[in-house]
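*Asks:* In case you want the letters, here they are:
There are 2 protein chains.
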Amino acid sequence: MKKIEIEAIGEVRADDAKGYYALQVAEPYREGLLGLEEFGRVQVLWWAHGMDDGRMRSALSCELPYAKGTRAGVFACRAEYRPNPVDLTSCGVIEVRRKEGLVVLDYIDAVDGTPIIDIKPYIPVCDRARAIKVPAWFRSWPEWIEDAGAFFAQVDAPRTN
Amino acid sequence: MKKIEIEAIGEVRADDAKGYYALQVAEPYREGLLGLEEFGRVQVLWWAHGMDDGRMRSALSCELPYAKGTRAGVFACRAEYRPNPVDLTSCGVIEVRRKEGLVVLDYIDAVDGTPIIDIKPYIPVCDRARAIKVPAWFRSWPEWIEDAGAFFAQVDAPRTN
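Sequences listed follow chains A and B, in order.
The opening residue of the first sequence carries number 1 in this note's numbering; numbering runs sequentially from there.
The opening residue of the second sequence carries number 1 in this note's numbering; numbering runs sequentially from there.
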């Protein structure tokens with residue numbers, strides 16, 4: 001299969017104690033942020049660099065942490081260990097400071113220093129599905145991103161696995 | 001910035017004349033599809049390999065095809081030319097044939113032979129935003145993925161740029 005080379009465009013800044021989350025875009029790429037402040041939400045693609053050794057990348061299925069005894073393939077869950085650990089998080093945009101290359105977010109489930117691969121605007125016609133079909137173990141979960149924080153604080157479950 | 005190496009896990013199959021769209025997952029990765037048939041929708045990450053030469057990857061802003069005279073950064077639009085041309089499409093799942101490595105889709109805006117980087121289930125609490133904030137030029141666009149087909153057929157606009 002085709003091999004692809006990617007260079008990170010920046011790094012995640014995350015400080016859970018302060019509740020501070022941001023994307024720090026490297027200097028050469030900052031023009032790419034033009035106009036992003038007009039969007040309320042972004043799709044962030046990031047590299048799960050703690051999960052990118054050979055062992056983690058060869059995992060193809062796992063027992064689901066939120067449905068004990070149920071196995072699912074890595075393409076049927078959001079586990080960070082997968083053949084290409086490119087993770088996707090939809091984040092609310094608080095502020096864009098283009099000259100500093102900074103996109104301040106409401107939250108991101110990536111650790112400080114995580115390499116950023118891409119940033120895209122969240123566009124309803126591309127990203128927002130009316131119909132929902134999920135397995136039984138998801139049916140008690142919220143139907144909207146905005147309800148994620150309160151839900152996960154309560155159940156103490158992993159956020160995206 | 002960190003360099004990352006990725007190997008495609010399969011290829012897109014697309015035949016516009018027949019209205020046939022699928023993901024063909026390579027043999028070593030097929031176990032990863034276990035359980036995917038329980039989801040109605042997937043997030044597909046794919047490599048825009050017609051857009052991955054140095055010139056396309058160095059583009060940082062463009063004039064928007066749907067808002068003439070307005071420039072936007074590549075991180076504020078869904079153009080395929082961008083520093084790392086990893087594209088994201090949310091697709092409806094019609095059928096999963098795991099042993100053949102085939103995921104039949106309702107549609108994907110990628111050409112036949114496009115390398116697939118990753119497949120993730122579309123999970124409402126991760127992917128589905130209640131609140132919408134978009135620039136003025138998007139306000140006449142549909143608010144749901146399911147309305148995309150009819151809209152783009154009418155306006156003859158590029159689907160995701």
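Simulated from the structure, these hints should not be mistaken for lab results.
Ideal Cβ placement from N, Cα and C applies to all residues, glycine included.
A few of these clues could be false.
Subject to a maximum C-alpha distance of 30 Å in a straight line, what follows is the list of computed DSSO-like cross-link-like pairs (lysine-lysine) [stated by the list, open to error]:
#1 A:K3 with A:K68
#2 A:K18 with B:K18
#3 A:K68 with B:K99
#4 A:K2 with B:K133
#5 A:K68 with A:K18
#6 B:K18 with B:K133
#7 A:K133 with B:K2
#8 B:K2 with A:K18
#9 B:K3 with B:K68
A few chain A residues that don't get close to chain B, going by computed Cβ distances all over 12 Å [claimed, not checked]:
#10 R13
#11 A14
#12 D16
#13 Y20
#14 R55
#15 A67
#16 K68
#17 A76
#18 R98
#19 E100
#20 V104
#21 D112
#22 D127
*Asks:* Which hints from the list above does the structure break, by number from lowest to highest?
*Replies:* 1, 2, 4, 5, 6, 7, 9, 15, 17, 18 and 22
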